[in-house]
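Q: Here's the letter readout for the chains.
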Amino acid sequence: QKEVEQNSGPLSVPEGAIASLNCTYSDRVSQSFFWYRQYSGKSPELIMSIYSNGDKEDGRFTAQLNKASQYVSLLIRDSQPSDSATYLCAVSPSNTGKLIFGQGTTLQVKP
Amino acid sequence: GAVVSQHPSRVICKSGTSVKIECRSLDFQATTMFWYRQFPKKSLMLMATSNEGSKATYEQGVEKDKFLINHASLTLSTLTVTSAHPEDSSFYICSAGQASSYNSPLHFGNGTRLTVT
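Chain order of the listed sequences is Z and H. Residues 961 to 1071 in the working numbering are what the first sequence lists, from first letter to last. Residues -16 to 100 in the working numbering are what the second sequence lists, from first letter to last.
Note that these hints are calculated values from the structure, not bench results. Heads up, a few of these hints could be off.
Residues from chain Z that keep clear of chain H, each with C-beta distances beyond 12 angstroms, as calculated [what the hints assert, rightly or not]:
#1 V973
#2 G976
#3 A977
#4 W995
#5 Y1031
Derived SDA-like pairs (lysine to any residue); straight-line CA-CA distance at most 20 angstroms [unchecked claim]:
#6 K1002(Z) to K49(H)
#7 K25(H) to L57(H)
#8 K25(H) to S1044(Z)
#9 K1016(Z) to S980(Z)
#10 K25(H) to L1006(Z)
#11 K49(H) to T100(H)
#12 K1058(Z) to Q21(H)
Residues from chain Z that face chain H, not an exhaustive set, calculated with beta carbons under 7 angstroms [unchecked claim]:
#13 Y999
#14 S1003
#15 P1053
#16 Q1063
#17 G1064
All C-beta atoms in this analysis are idealised placements derived from N, C-alpha and C, irrespective of residue type, glycine included.
Start from the sequences, fold in the hints, and give me the full structure.
A: Following this line, the structure appears as structure tokens:
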């Protein structure tokens, strides 16, 4: 089992819709969870971090964490064509500082 | 916000030569930096953890004699790909988190696209 798993997609949504991206992880003691966005040929940029169970909202983005189910998700409201990118889920094993990445989900927002 | 600078952004070298990639934290001190590589349409694979003033910690399967890491100061880590071969062609990305917390998010450099001919 991979440490961090994501559906590679592509996930296609119409402009203005909600995009839902999911991620599961295997290390039960993981403490920190991050969502990064990566455009083709570019390095990842941080979108959200979440550390405790529940929802965390930042603008059009909402991260959801359920440690019991070892599940973290990212919702993007009012999706825009500029949101089209690969979204990487990253998990930090406890107190290591390093990040383990999922394979990424490619999101396509169609005008 | 935290800025990580990586240089060069792109390099082409001949098989058998060595290439050095620099990673700098511009506005914060980083006792730890991380080196990743990414193949096309694949995710980021952690290669090693670079520790200021001590030896790097390599992930399983990564050759430490081939990928030399030096972290001589709190703001600079270098990755040297020695005796490069075409299969080393990849996108190499460094990252750093602020030293105050292991839980702080990592910030990434812009990456170095290495092509070995």
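Q: Which of the numbered hints are not met once you compare them with the structure shown?
A: 4, 6, 7, 13 and 15
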